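There are 2 protein chains.
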Amino acid sequence: MRDLSRDKSLLAINSATVKPWTLEQLVKGCKRAGITAIAPWRDIVQAVGIDKAGAMIRGAGLTVSCLCRAGLFPAADEAGRRAALDDNRRAVDEAAAIGAGSLVLIAGGLPKGSKDLAGAHEQVRDGLAALLPHARDAGVPLAIEPLHPMYAADRACVNTLAHANDLCDELGEGVGVAVDVYHVWWDPDLPRQIKRAGKRILTYHVCDWLVPTKDLLLDRGMPGDGVIDLRAIRRMVEATGYDGIIDVEIFSAQDWWKREPNQVLRICLERHQTVV
Amino acid sequence: MRDLSRDKSLLAINSATVKPWTLEQLVKGCKRAGITAIAPWRDIVQAVGIDKAGAMIRGAGLTVSCLCRAGLFPAADEAGRRAALDDNRRAVDEAAAIGAGSLVLIAGGLPKGSKDLAGAHEQVRDGLAALLPHARDAGVPLAIEPLHPMYAADRACVNTLAHANDLCDELGEGVGVAVDVYHVWWDPDLPRQIKRAGKRILTYHVCDWLVPTKDLLLDRGMPGDGVIDLRAIRRMVEATGYDGIIDVEIFSAQDWWKREPNQVLRICLERHQTVV
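Protein chains in written order, with the numbering used here: chain A, 1 to 276; chain B, 277 to 552.
Errors might be hidden in some of the hints.
[Stated by the list, open to error] One side only, chain B facing chain A, incomplete, derived with CB under 8 angstroms:
{"no.": "1", "residue": "P425"}
{"no.": "2", "residue": "A429"}
{"no.": "3", "residue": "N435"}
{"no.": "4", "residue": "W462"}
The set of hints was computed from the structure by calculation and includes no laboratory data. This one's a predicted model, so the numbers in the text were calculated from it and none came from an experiment. Using N, Cα and C, we set each Cβ at its ideal position, and we do this for glycine too.
So that you can see chain A by itself, here it is in the shape it has in the complex (with noise of 0.2 angstroms):
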């Protein structure tokens, strides 16, 4: 592995780490603790408005590394796709509105009364191959990110880096994916399929898998704190030619979301040289 452990400019402040921030604070924040790059999700965009984020963000001459996060295509009713298919165009203008690296989407879970996962599997690719084109018009990369599989339900069909790739194979240019060590850790054959992406992955995430985890979704842990062997598969997505910012990303109700969050960024960056 390069050693890229003491370069700041490679980590980038996922929003959802520090839930209490606004983007402003998020800006002010990472200038104040050396950090250049951030990942927001798009409520805290949204919530000033892309243009005024898109300066802001500018302004502070931060690197946006992915647009978190859209997706979510299938649903029950031709109505409810073509709203999910608006609202990921929405997602792409807003992407490139704050210059960010990629948009990072998850598949969406079964339609609400339904046990058809094939079906939904369809509806997530024909989802991705209609809004492919306005993606590639706007020149914004479609990340997808498979979750973790106890999410296939309710938040994602798509759960392993091999369904990922072989969407990316079927769809073409313009569709890359997403890898957070959350999601694919524990999957035997995850040195294959990180191998196979290559240079489709746009955009890479941490935090760490603890043990007990106490809720499915909101229980994540800091960088070190769990049981994923993050350098070993750090080593794994630089081997493909990857050197790009590596994202942290924190759901943590009970613990990260309740710390002050200038001290969350602190240890942010100190795990980011030590363990990531």
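Got chain A sorted already, so can you dock chain B onto it with the hints?
Below, chain B alone, put in the same frame as chain A:
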């Protein structure tokens, strides 16, 4: 799919479903309900002793679909691995004593303090290989049960049917798989891996995935109450030639474990006929 839905003889009650019951209560309760098969966990067998347990089950004319469960191979040191192997040999003896169709094994997770997933995978393979001669001598087939990836860290690092099938390929005669819908339903590779498993499917377990799922371990649903397409998976399993028993196994601390067990049995019977 063959119309087996009215055939009570194909339903087994797993003792985890009626957690408050002793083996004697389980045996008597199943007899009363006209259920002819059980799948006990080791705790209730050990509580009465294997000789008495075997006599009690045989006396009631019940079939034992499988004994749950052993495995848990990885350990931090040689003494730990030896203790695991000793315990697994005792489990084989227990399975033989009660005439179980197979002994269900889960892999075990990462040893305490370890992040070496590949190393844990090796320990599982080595542990299975070391156990196998004793299991073959005793005539007890070993059923490797892949657990949901959310258990990779602390319960089982074999999390896909593909991985379990790979282990079977490597280990040969005497090893098969346990397919539990809860653990594998999300996998886009499931149809292919069930077909690949073929005659190796030793036992088939059902419950359901609830939305929302409130606890990683103890919030499984009664068949029909969740999002798993049970009939579709059963069709795949039966297409391999499996015409064995379907084991209802529900971990449900806040719901089913609090209900009156005889009532739980009646609902299992009803769901077996209507949705499984």
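Hint by hint, here is what the structure shows:
Interface restraint check: P425(B) against chain A, minimum CB-CB distance 5 angstroms, threshold 8 angstroms, status holds. Evaluation of the A429(B) hint against chain A yields a held restraint, the C-beta minimum of about 5 angstroms falling below 8 angstroms. Taking 8 angstroms as the C-beta cut-off, the interface hint given for N435(B) holds, the closest approach to chain A being about 6 angstroms. For the restraint placing W462(B) at the interface with chain A, the shortest Cβ-Cβ distance is roughly 4 angstroms, inside the 8 angstroms limit, so the hint holds.
When each numbered hint is compared with the structure, no violation occurs for any of them.
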